[in-house]
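Peer 1: Build out the structure end to end from the sequences listed, making use of the hints.
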Amino acid sequence: MKTAAELKHGEKARISDINSDNPSYKRLIEIGFTPGQEIELVNTSVFNDPMAFSIRGTLIAIRRNEADCIILS
Amino acid sequence: MTFDVAKRIPLITLVGPPNSGKTTLFNYLSGKNFKTVNYPGSTVEYYTCKMQDKFNIEANLLDSPGIISLNPNSPDEEVTVNSLYNHPEYGTPDLIIVTADASQLSRHLLLTKQLLTAGFKVILVLTMKDLLEKKGLTVNIEKLSRILRCDVVFVNGRTGSGLNDLIIKAEKNIKELSHEKSFIPYFIPEQLSKENLLSLYSEIENLTRAVIEPIEPPDIEKINKKIKVLNPVLQEPTLQPDLFTLKLDRFLLHKKYGLIFFFLIMTTMFTSIFWIAAPFMNLVDDLFSLLASSSSELLGNTWYSHLLSEGLISGIGSVLVFLPQIIILFLILGLLEDTGYLARGAMMIDKPLSKIGLNGKSFVPMLSGFACAIPAMLAARTISNRRERLLTIFIIPLMSCSARLPVYALLVAFLTPSDKPWLGGVLLASIYLFGIGSSVIVASIINKFSHKLIKANDNSSFILELPAYRVPKLKIVLKNSYVNALHYIKRAGPIILFLSLIIWFLTYMPNHTPQIDTTGLSHDEIIHAEKSERLATSYAAHLGKFIQPVMTPLGMDWRIGVSLIAAFAAREVFVSSLALIFRVTDDENIQSSLLTAMQNATNQHTGEPLFTTATVIGLIVFFIFALQCISTIAVSRKETGSWRIPVLQLIIFTSTAYLFTLIVVNGLRLVGVN
Ligand SMILES: Nc1nc2c(ncn2[C@@H]2O[C@H](COP(=O)(O)OP(=O)(O)O)[C@@H](O)[C@H]2O)c(=O)[nH]1
Ligand SMILES: [Mg+2]
Chain A
1 MKTAAELKHG
11 EKARISDINS
21 DNPSYKRLIE
31 IGFTPGQEIE
41 LVNTSVFNDP
51 MAFSIRGTLI
61 AIRRNEADCI
71 ILS
Chain B
1001 MTFDVAKRIP
1011 LITLVGPPNS
1021 GKTTLFNYLS
1031 GKNFKTVNYP
1041 GSTVEYYTCK
1051 MQDKFNIEAN
1061 LLDSPGIISL
1071 NPNSPDEEVT
1081 VNSLYNHPEY
1091 GTPDLIIVTA
1101 DASQLSRHLL
1111 LTKQLLTAGF
1121 KVILVLTMKD
1131 LLEKKGLTVN
1141 IEKLSRILRC
1151 DVVFVNGRTG
1161 SGLNDLIIKA
1171 EKNIKELSHE
1181 KSFIPYFIPE
1191 QLSKENLLSL
1201 YSEIENLTRA
1211 VIEPIEPPDI
1221 EKINKKIKVL
1231 NPVLQEPTLQ
1241 PDLFTLKLDR
1251 FLLHKKYGLI
1261 FFFLIMTTMF
1271 TSIFWIAAPF
1281 MNLVDDLFSL
1291 LASSSSELLG
1301 NTWYSHLLSE
1311 GLISGIGSVL
1321 VFLPQIIILF
1331 LILGLLEDTG
1341 YLARGAMMID
1351 KPLSKIGLNG
1361 KSFVPMLSGF
1371 ACAIPAMLAA
1381 RTISNRRERL
1391 LTIFIIPLMS
1401 CSARLPVYAL
1411 LVAFLTPSDK
1421 PWLGGVLLAS
1431 IYLFGIGSSV
1441 IVASIINKFS
1451 HKLIKANDNS
1461 SFILELPAYR
1471 VPKLKIVLKN
1481 SYVNALHYIK
1491 RAGPIILFLS
1501 LIIWFLTYMP
1511 NHTPQIDTTG
1521 LSHDEIIHAE
1531 KSERLATSYA
1541 AHLGKFIQPV
1551 MTPLGMDWRI
1561 GVSLIAAFAA
1571 REVFVSSLAL
1581 IFRVTDDENI
1591 QSSLLTAMQN
1601 ATNQHTGEPL
1611 FTTATVIGLI
1621 VFFIFALQCI
1631 STIAVSRKET
1641 GSWRIPVLQL
1651 IIFTSTAYLF
1661 TLIVVNGLRL
1671 VGVN
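These protein sequence lines are chains A and B, in that order.
Going by the working numbering, 34 is the number at position 34 of the first sequence; the sequence numbering is gapless.
Each number in the working numbering corresponds to the 1-based position in the second sequence with 1000 added.
Take the hints with a grain of salt, since some may be wrong.
[Stated by the list, open to error] DMTMM-like cross-link-like pairs, simulated, lysine to aspartate or glutamate; straight-line CA separation at most 20 Å:
id	chain 1	residue 1	chain 2	residue 2
1	B	Lys1355	A	Asp49
2	B	Lys1194	A	Asp68
3	A	Lys12	B	Asp1249
4	B	Lys1256	A	Asp49
5	B	Lys1143	B	Glu1133
6	A	Lys26	B	Glu1195
7	B	Lys1255	A	Asp49
8	A	Lys8	B	Asp1249
9	B	Lys1135	A	Glu38
10	B	Lys1255	A	Glu40
11	B	Lys1247	A	Glu40
12	B	Lys1255	A	Glu11
13	B	Lys1473	B	Asp1130
14	B	Lys1194	A	Asp17
[What the hints assert, rightly or not] From the derived model, a few chain A residues whose C-beta atoms are all more than 10 Å from chain B:
id	residue
15	Glu11
16	Ala13
17	Asn43
Treat the hints as calculated values from the structure; they're not laboratory data.
These figures come from a predicted structure and were not determined experimentally.
Here a beta-carbon is modelled for each residue, glycine too, at the ideal position from N, C-alpha and C.
Peer 2: As structure tokens, this is what we get:
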């Protein structure tokens, strides 16, 4: 099971599910990370955390542990 | 039953996701000038206003902090959701104008859908049409309006076009209102479950697919093109982030160099304050010096002449000399805010900050702390984790606010040799960096040792939208800086004026015409001798005896002590107080004559020079730490919900200030710096 935290720079993938174990999962959905959406890892910060994804035409930075609950198909 | 409009003024609330153009619209509708910023979370409190007269709608308008959904995640979002469901003063809104960024329609429609489901009366305003059009797309608003069953209009936040449509729709909606506020929006938690959110989103996706269309070519072209093959219609508009932004981020968010850019930008910012401001400062100085000298020439050597030229003009002038620096600080902060870079800064230092119990979102509050601690503490509302928020509020007073700038600038000018003017900017930047460094240390100490001090440990999270970069609009930034500077003068001006008068009185009375032996003395010497005699026998000198024991270990005397105490009313008063106490001649510029007077002053207690490199650095250290601002304490009380944190801040920071000054002054002397 690959998650968004494992994406490489510039790699694209489609979201298959959001793991509801992470307390932030609802906010992730609300902000647009929903199953079926294509995301791309565009930038990572110096310490590989947070990571910036391109989603729904915009850029959103989230922490690595939050990216880890975005499950990819 | 007739609808009695006069009885109740309807409330229109502006709601929308962060950075969707609410405040811009609010400013258009109210004719006011609230700050708009390219950072998600720039409005953290609601503002109310009457609708501008020219629109002929009697209504109260409310601007609110951005929310993503009706499920609040941080205190600023709670402000909005609470105001929607139960505004303490106005109740629920009669009409909601919800803004949505047309270029991010699917994400921004979530809130609109939730508001409609909750039963609110809604007008949807689509902003940023220009950005969507750049991508060759537009939104079919008639269709959208039909599907959503609410009014939809385009408003361009840059030009204001579309406002008339909005007014017409708002008028229509208000006419439809019933006489009493009978409507209660409903709030079902299940509505916010994962399943519900996901199905809401898939509904929205179908919807956006139906309404986002390629821009139709103008009619003439259309006819021409009819013969040729028509543009293939986009089936599913896949939106890409702004290309320019992606390119720029490759550098500014670069994994290795990103942080270097970050530090470069920050340091340039602080160093340039000193350099850019210099010529403007001279201008202000000349003006006040002219005023002071001409008024004393006009009135002669009398008490009222002294009151005017020394008490008022030189007191206020000595502070206003630094106004250019403050304006430039506001300008630079404003430019930085408007570019969209701040969110990147927050992202890059999230990791280091989270190590010391803060959050990447602490960055913007900390940065605005350089202007003023009060809005900075409010800005901390965007941090969802309570512990991180309280810790951020705790350290904000260590950010050197603009009130400290005059003090630093004077002391830095004292330390800067005239043959090395570049040193001033570097020194000032180091003061700022020192403040930041200390805040980091304080935060990590508190974070490590005291889980009791700041309790509450909920989920720490960092989710932040990175807005597209854009060229800052100079006009808006200038206007904001002007408004801020005016605000600064209005806040500090009366306090400085009032305290200057009090200090003048305390240092001038009761022995206002001292009897001294004037034989063989020149005119200037007479004035000088009179002044020291007057001061030595003044009320202030009597009071000073009590302060002296505290000041002696610092190598300072009561005259600095009085100025430090006066600075608790407003930090700038320190400068005007020094000017009042020490400056004698008025044939030179205010600042340079103050500096000369400081160089010549001797400690009344020991007879040694009073302002030395050691004591001046000690004073800088004092001002970095001391919490000398009553409004900051009040806001800290309000934002943290108890007296605990503000009292701790006052005690910890002020005692640290004294202790460190003691160590620095004596330590420097020990190693031979005097
Ligand atoms: N290009 C473009 N920019 C806009 C438009 N409306 C607002 N903006 C900009 O978007 C940014 C966010 O606006 P603001 O009103 O502060 O949003 P708020 O966070 O919702 O209050 C500001 O820098 C505005 O100048 C628009 O229609 N087009
Ligand atoms: Mg706003």
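Peer 1: Provide an ascending list of the numbers of those earlier hints which the structure does not satisfy.
Peer 2: Checked against the structure, the only hint that fails is number 17, while the rest are satisfied.
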